[in-house]
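**Q** In case you want the letters, here they are:
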Amino acid sequence: MVSEASVDAARARSRGVGRRRGASRGPRPSWWFVAPALAFLAVLGVYPLYELVRMSVSDVSAATLLSSWPFAGFDNFEDVIASPDFRATCVHTAEFAAIVIGVGLAGGLGAAVALRRRSRGDNFTIALMTLMWALPPIVSGTIWKFLLTGDGVINQIGVSLGLLSEPIQFLQDGQLPLLAVSFVAAWVAVPFVAISYRAALLDVPEELYDAAALDGAGFTKQFRYVTLPHLRRTTLVVAILLLIYSIRSFDFIFVLTNGGPGTASTTVPFLGYQLAFQNFAYDRGAAVAVLAMGLVLIIAIAYISAVRREDRDARR
Amino acid sequence: MRAADRRGLGSGLVAIVLLVVYGAPAFWLIVTSLKGDHQVIDAGTLIFTPSLSAYAAAFDEGVVRAMWTSTQIAVSTTVLVLVLGLPAAYWLARTRSRVVSAILFALIVLQMVPQTSAVIPLFKVLGSWSLTGHVSGVVLAISAIVLPFAILLMRPFFAAVPLELEEAASVDGASAFVVFTRVVLPLVKNGIVTVGVLVFVISWGEFIYAINFLFDSSTYPVSAVIARQVSFFSSNWSVLMALSVLTAIPIVVIFVAAQRRLAEGLSLGAVKG
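Going line by line, the protein sequences match chains A and B. Residue numbering for the first sequence follows numbering that gives the first Met the number 0, beginning at 0 and increasing consecutively. Residue numbering for the second sequence follows numbering that gives the first Met the number 0, beginning at 0 and increasing consecutively.
Just so you know, these hints were derived from the structure itself, not from any lab. None of these values were measured; they are calculated from a predicted model. Ideal Cβ placement from N, Cα and C applies to all residues, glycine included. Errors might be hidden in some of the hints.
Said to hold, decoys possible - Covered stretches of chain A (in silico footprint by chain B; criterion: 3 or more residues with CB under 8 Å from a CB of chain B, positions within the stretch not fixed):
| id | segment |
| --- | --- |
| 1 | 259-265 |
| 2 | 292-302 |
What the hints assert, rightly or not - On the chain B side, residues computed to face chain A include the following (Cβ under 7 Å):
| id | residue |
| --- | --- |
| 3 | W67 |
| 4 | W90 |
| 5 | I107 |
| 6 | L239 |
| 7 | S243 |
| 8 | A247 |
Sequences and hints are given; from them, build the entire structure.
**A** Dropping the structure here:
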């Protein structure tokens with residue numbers, strides 16, 4: 000460990016020299032610190048993406064997966080874009096993301112405000128929610144399948160209490176499967192949002208509430224004019240994280256509906272997976288995955304520029 | 000008095016709803032795992048004779064071996080990701096260069112790649128290196144998707160370490176590597192615990208790589224065992240719930256043990272990072 004004396008000495012030295020801001024005079028970590036991670040990611044992160052793109056413009060089946068692939072131009076993309084399944088899954092992806100972001104933000108903010116005190120009860124509920132967030136998705140997905148399935152818990156209780164005249168086929172019927180998988184994804188996301196908002200609520204200076212109370216503002220007005228403006232940055236960051244999460248989310252679709260019935264609850268990245276591993280059409284699956292990656296790239300750029308803009312505003 | 004400290008009727012109601020919405024699924028998970036096969040048909044009922052027959056069935060199906068495989072996967076992934084990720088995050092926090100922004104952008108993109116997209120080429124890449132059919136292929140695949148996330152989460156922790164400490168140590172003649180391991184790492188314990196726990200939890204629950212890269216279902220980790228059962232023969236609920244409880248236990252233990260460091264780590268990494 001470093002002694003306090005040497006820390007003081009370092010401070011005195013840096014004052015005396017008046018060094019340039021940010022220029023460290025300590026031992027700079029060399030390239031060797033970052034090289035292994037970069038090499039690893041080049042081989043197992045970037046190279047597979049290159050292979051994915053190559054696969055999407057080739058003719059690849061289960062038989063030819065490990066041999067050479069004949070070039071096919073944009074045939075796979077044309078096939079995919081022309082199919083009604085693909086267009087339907089695009090709509091499903093947007094609906095899924097809208098529900099996850101809407102329910103996630105509203106539920107998370109509601110939970111953070113309702114559980115804002117540091118009482119034992121509030122802390123217990125937050126801990127329980129955090130635990131549900133941390134459960135392996137395969138476990139939470141299995142629980143929800145048991146709750147939602149035709150002869151599952153919710154239907155049995157609903158029917159025996161006389162609330163339902165007959166069981167609701169949450170995982171079978173029309174729009175319900177997509178709603179069900181989106182809801183479960185949002186259920187898992189709300190605790191994370193609540194923790195983020197709870198931390199942000201602590202950063203609101205208390206004097207602002209006192210001042211607002213002196214001016215006669217009640218709870219609703221204080222929330223509207225003091226709390227909400229302070230949550231802007233958190234809301235922006237969390238909303239984008241929720242968007243990324245909904246694009247990537249497949250666990251609950253896999254467990255609850257496997258995308259069905261038909262393609263009723265399939266999102267774009269899940270369609271790519273199904274084409275490749277359930278229909279063994281690796282080339283068309285790759286084309287869908289490349290389109291999904293394009294979407295991801297757009298979101299990444301939007302994310303970075305949004306965070307930069309917020310940081311600039313915050314510094315002003 | 001600060002209005003935010005007053006608990007209105009609305010807040011109380013929301014708190015109760017949250018307790019039910021998050022408590023009831025956990026409650027039913029445990030209750031159903033304690034119902035014998037013949038009792039589970041009445042999914043809603045709470046009147047039953049508790050039985051451990053579902054757990055016995057899970058043990059007969061080889062859950063111990065599956066959990067051992069999960070442990071191997073989760074521990075190897077966590078160690079690999081920390082060994083590669085910690086120095087990289089430190090370098091990215093302490094270096095000022097255009098290269099840093101380029102690497103950060105690449106990491107953000109790699110972090111966002113949907114696993115369902117990555118699994119398609121990885122199946123071919125790992126297959127051509129004969130790494131499919133073995134847990135090491137699964138470990139490499141999970142590490143590739145978690146490492147960017149771990150580096151990005153870890154970087155703010157290193158950035159928060161005062162430079163003076165490193166300068167003082169180097170004046171005493173320590174090399175960059177010694178400064179990193181002896182001075183810097185002990186100061187970012189919360190970050191290491193946060194990242195380590197999250198990587199462990201993610202790799203413990205991962206199943207899509209395991210299902211596709213391991214050909215023999217008797218070598219599956221427990222998450223993949225559940226995934227196979229729930230999607231193909233989703234009838235035996237009590238055994239599935241027993242498997243789920245067993246899968247959840249290590250996660251619960253780790254979360255409770257690391258709770259305090261996690262609370263700090265999550266708020267710094269997730270929102271401010």
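**Q** Now look at each hint and say whether the structure bears it out.
**A** Now for the hints, and whether the structure bears them out:
no.	hint	verdict
1	259-265	violated (count 0)
2	292-302	holds (count 6)
3	W67	violated (16 Å)
4	W90	holds (4 Å)
5	I107	holds (5 Å)
6	L239	holds (6 Å)
7	S243	holds (5 Å)
8	A247	holds (5 Å)
The earlier numbered hints that this structure contradicts are 1 and 3.
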